[in-house]
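Colleague: Given next are the chains, with one letter for each unit.
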Amino acid sequence: MPLIQIHDLTRRYVMGTETVHALRGVTLTIERGEYIAIMGPSGSGKSTLMNLLGCLDSPTSGYYELNGVNVAHMDDNDLAEVRNREIGFVFQSFNLLPRSDSLHNVELPLIYAGIPSAERREQAVRALTNVGLGERMHHRPNELSGGQRQRVAVARALVNDPSIVLADEPTGNLDSRTGEEILGLFEALSRKGNTIIVVTHEEDVAQHARRIIRIRDGLIAADEVNPNPRAAMKFAAGGTSMVAA
Amino acid sequence: MTLFSEAKESAFIAWTALRANKLRAGLTTLGIVIGIVSVTLMGTAITGLNDAFRKSVGNIGADTLYIQRFSWMTSETDWRLSRNRKELTLQNVRDLDRLVTLCSAVSVDSGGNGTVSFGRRQARGVYVAGNDENSLTVRGLSLSQGRWLTAGDVQSGRPVCVLGSYLADRFFPGREAVGGKVKLNDMRLEVVGVLDKQGSAFGNDLDNQIVIPITRFSQDFSRWPDLTITAKVRDLSQVDDAREELRGIMRKLRRVPPDMQDDFAINSQEAIVAFFNAVGGTIAAVGLFISGLSLFVGGIGIMNIMFVSVAERTKEIGIRKAIGAKRRTILVQFLVEAATITLGAGILGILVAWPLTLVVDKFLAASMPWWLVAVALLVSVLTGVVSGFLPAWRAARMDPVDALRAD
Ligand SMILES: Nc1ncnc2c1ncn2[C@@H]1O[C@H](COP(=O)(O)OP(=O)(O)OP(=O)(O)O)[C@@H](O)[C@H]1O
Ligand SMILES: [Mg+2]
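As given, the protein sequences belong to chains A and B, one line each in that order. In terms of the working numbering, the first sequence opens at residue 6 and continues consecutively. In terms of the working numbering, the second sequence opens at residue 9 and continues consecutively.
Chain A on its own, in the form it takes in the complex (with noise of 0.2 angstroms):
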């Protein structure tokens, strides 16, 4: 059973008299432990999908299967407990809490899911120790570089063991170096067997996924297997090097 099934996706946005057509029909299906790039151009429906395929956001019709549960038409609390179990999101601007440091941060998701407190810290440790952060628990965004909380969000999407990392131009906001940080962090974890969903427009970054998606006016344009996807750069102060353990 593949971990996504998408089928004549369509999400519109009604806006007084006129309609949005920002995806038309998509149909897709997934694989776990895939490794994908969704590009396109900017308004192309990018972020509509990733929006979809997180359950943040509801099809206007189509089907969308994702681990055998079909989630295309459940309320908002069922989505909500879909995201919190299945779903890890890494967005553009790290949105992490401001006024809480990084451990609370990591840990917020294993409070939704009513973990007890020792294993929710136990297991918070673990995440930000496996992205290069252990020594950084306690300090809050504002006092970490732009590299350093992006890391904190990927912590934070994976201390659930979800199901699918989604990323929303993980690395729009980071200069190429600390990117690459983020990307070497990606690739060690499809190497574990995650699935890894990274929403770009820079083809660079595109060229280190397994397969490459292209999205065009709402619909898919290519579909297809990146034959030599590009290994990140290896960085001695960098995390990379750490995700493996």
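No lab work stands behind these hints, which were simulated from the structure alone. Treat the hints loosely; a few may be bogus.
[Said to hold, decoys possible] Chain B stretches covered by chain A per the calculated footprint, using a threshold of three residues with CB under 8 angstroms from any CB of chain A:
| id | region |
| --- | --- |
| 1 | 12 to 26 |
| 2 | 315 to 329 |
| 3 | 334 to 342 |
Keep in mind that this is a model prediction, so the values were computed, not measured. Cβ coordinates follow ideal geometry from the N, Cα and C atoms, glycine included.
Keeping the supplied structure of chain A fixed, place chain B with the ligands upon it in accordance with the hints.
Modeller: Relative to the frame of chain A, chain B with the ligands by itself:
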């Protein structure tokens, strides 16, 4: 488990959010503080008034019935109609005492004001009671020295008296009062007994009184005294039966034709309590309503600030939802935040109101029992929950994608 850790998370969020906006939270709190202070003060005044009233009423005794010409609770028109009623007589008292079965004792009471003197010492405005031998029990008094009036004293109108403790202390400090001779206006009286300390009721100082036989009272003190016949009911559960019995006997004694209304009234504590409860209830309702208004205004302030807080933290709400917070979780989060603000305000309000109560207590009976504190805190939490509900609901229903897009 989930609920508990979510509640803890909510408390934590509320705390950090408030800490981040100390001044704003403080200013908003002010409205609630004022509201809680006024509600609490109103509450203390009402309970103080109630306590004072109950203490006074306690002196009357639930088992005592007062037969008088007028009802205590008459309107002005009633009073004009009953003005021409016949006086009660001493003969009525004796007959009642003989005929009644459901009362253990019947006594007579009449009162006025006079000047009592002993040698050069003088006390003006002393309450003068005309009583009989049964009055000691019926009035629920007790003696510290000597004896009460005897049947003989009353029948022959002997010039004897019983002094209240204040008068006894004043005229005979450190000395035996019994046997002493005092003057009431121009009447020379021998002291035969002294009352225990009684305190006061309805503003009358019961220790500043002198008791003389009713016969002497109507001869030399007041020509046509207004008599009150006081009857002590044998069994509290039979107060109503006793009242009916007294009524029947009185009608017969006073020859009231069957088709006429009573030309007397039987008063009791019950009537005062009922009257007080009606009046006091209205005062309390109006007072609490007015002070509740300030709490309401404070609540609006909280609602306003919570709307601001929700709007400011739209992004945070989006993040939390993306990570798996349900509607309920977000709702609880903001309700807890609002309730935390108002609970803090409530505590502050009580801290302000408490010393104020002590000050007020100097002029007016006021007390702040623990249950009032509990109610005030409960009310402040409720205010937070109620006024925080709309903003919290708005937050809970936010669409995660829209919320995440905010900045
Ligand atoms: N909430 C919304 N209301 C109305 N229209 C929307 C909304 N969200 C997206 N759209 C429209 O849907 C289309 C697809 O938007 P989407 O955000 O998916 O593009 P994108 O591929 O992510 O672009 P970018 O690379 O700029 O992020 C756009 O035309 C956009 O204007
Ligand atoms: Mg986008």
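Colleague: Can you list which hints this structure breaks, lowest number first?
Modeller: Result: no hint breaks.
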